[in-house]
Amino acid sequence: MTAVMNQLTEPEGSPTTAYPIEAIRAEFPILATQVYGKPLVYLDNGATTHKPQCVIDCISQFYSKEYGTVRRGVYALSEGATEAFQNTREAVATFLNAPSSDEIIFTRGSTEAINLVAHSFGHTYLNPGDEILISAMEHHANIVPWQQIAKLKGATIKVIPMDSNGVLDMSAYASLLSPKTKLVAVNHVSNALGTINPVAEMIKQAHAVGAAVLVDGAQSTPHITVDVQALDADFYCFSGHKVYAPTGVGVLFGKRTLLEAMVPYQTGGDMIDQVSFDGTTFTDIPHKFEAGTPAIAQVVGLGEALRYLTRIGLPAIAQHEADLLAYATERMQTIDGLRIIGTAPHKASLISFVVDGAHPLDIGTLLDHEGVAIRTGHHCAQPVMRHFDVSATARVSFGMYNTRSEIDAFVQALQKVLTLLR
Amino acid sequence: MPTIPDQQAAIVTQFNALPDWDARYKYIIDLGKQLPSLPDADKNDDNIVRGCQSQVWMVASEDGGKVYFKADSDALIVRGLVALILQVYSGQPPEAILANPPEFINQIDMGKHLSMQRSNGLAAMVKQIQMYALGYKVKLAQQP
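First to last, the sequence lines map onto chains A and B. Just so you know, we're using my numbering here: the first sequence kicks off at 16 and counts up by one. Just so you know, we're using my numbering here: the second sequence kicks off at -17 and counts up by one.
Some clues are possibly wrong.
Pair ranges (Cβ atoms, derived) [said to hold, decoys possible]: (1) A:A47 to B:I30: 39 to 45 Å; (2) A:I45 to B:C34: 20 to 26 Å; (3) A:I36 to B:C34: 33 to 39 Å; (4) A:D338 to B:P1: 55 to 61 Å.
Chain B residues, not near chain A, derived (Cβ > 10 Å throughout) [to be verified]: (5) A57; (6) L58; (7) A105; (8) A123.
Because the hints were derived from the structure by calculation, they are not lab data. In this text the structure is predicted, and so the values were computed from the model without any measurement. Just so you know, even glycine gets a beta-carbon here, dropped at the ideal spot from N, CA and C.
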């Protein structure tokens, strides 16, 4: 056990240290469970990730001994909770390398963060005839809010196309950008294809025409070190539950000047300066965008999850997952009739696939029976499915705790399942 | 022709005699493979019953006071389940269809999968069968 603890406290997962996979797996109690009498092989990390014991304990401890409301009470519990809450804001700012924790807004998740920007940026900056660029590989959460605000404001949506590998067409992007472009919304990593998009370059080009950029980081933050200042991102969002933190909390980073100029998204308690029946003035960022009592314990849990990720080190996690991606890609390509959807040269650890003569739903249902949890369906990205002329795919997505032997178990189970189905 | 309750009881007996889940799935998959395909012309948007992850196409007809169904799906396990539902309901009088919900689905030991009806469109299919039955019941009542 001492050895395990020592491994866990090694700084930043230095390359000289072997990746402490056994210690990491031991930290996630759910990985020891069985499904239908078989060991769980959890390969749906793109949908949601499991929680390490330290996060579970943190929440339990917080509710048992430290819980109180934030930014309201004058008593010790409230002051302690407010401090823990604010500590997470600082931890998130550090995680994203944001200039200030004032630029970190807590939301319910990436979806709410995007809705916030669509509403608040849209109502502040969009005019009839303006254009919003989104990519052809967006999740519905990064399509529908823009359609709604565009309809309200008389703006137009333009789509950045992609090729047959699932790589964005950068020359088409360059020609779509114009002074009419007010905002570009793009994911850092595609949830349906795994493609890592060249967001730094895209942001640079957008800024050259005066457009702001929102990066949906829901699929990148679990795998890639993000530096919002190096990217020069105007908005960057992610979901807690995909970075080993609780559900119900997400993050929006926004540049101070933009956030200060934008109208609030939701209004109510804790976001006001003065309220009378004649009118209301709003408080400063970030609280202007955090109406009502927030998800206090979830935010505190997010802080713990980010500390855990930092302890293991995202570079070490990325290296481990890159190995899993390469290994799984190689193993899966040996399966007769299997086609990988999304073959970009730069991918996060996620593989979408279809198999001749087997429907993804059948594959997913039967794999579950073998203890293997994968995602099937359109992945909330129906335009991506149409681009590749499929109605659905199966998807495996790897996290920090997955192993090569789990990939072996998955491939073996897949072969068994396909024998039944074909 | 056995009644709907008889058909349902027969399916439950047959399923629960199978030794394990593997055997039950294999049985459903075999039923799916054996179900005759609908002609492509019938797989149109008018006949579609949309599930979240797979779709079912279904056509209905009436003959001598009984309602006949044919159906198909793009997913094999769903085809097997479709075959079971057709076995229960096709060729039955509309009143009997309306009076007998598909209780066998909850009585065969297939765990959660068969109740995952949002994904596979089965709940929508059963509802559609009941709608057809209601339509034919009204139509038959109006005939002299």
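Structure-based check of all given hints:
1. A:A47 to B:I30: 39 to 45 Å: holds, 43 Å
2. A:I45 to B:C34: 20 to 26 Å: Holds: the Cβ-Cβ distance is about 25 Å, inside 20 to 26 Å.
3. A:I36 to B:C34: 33 to 39 Å: holds, 35 Å
4. A:D338 to B:P1: 55 to 61 Å: Distance hint for D338 (chain A), P1 (chain B) is violated at roughly 40 Å.
5. A57: At roughly 4 Å from the nearest Cβ of chain A, A57 (chain B) sits no farther out than 10 Å, so the non-interface label is violated.
6. L58: Violated, because the least Cβ-Cβ distance between L58 (chain B) and chain A comes to about 5 Å, which does not exceed 10 Å.
7. A105: holds, 15 Å
8. A123: holds, 39 Å
Checked against the numbered hints above, the structure violates hints 4, 5, 6; every other hint is satisfied.
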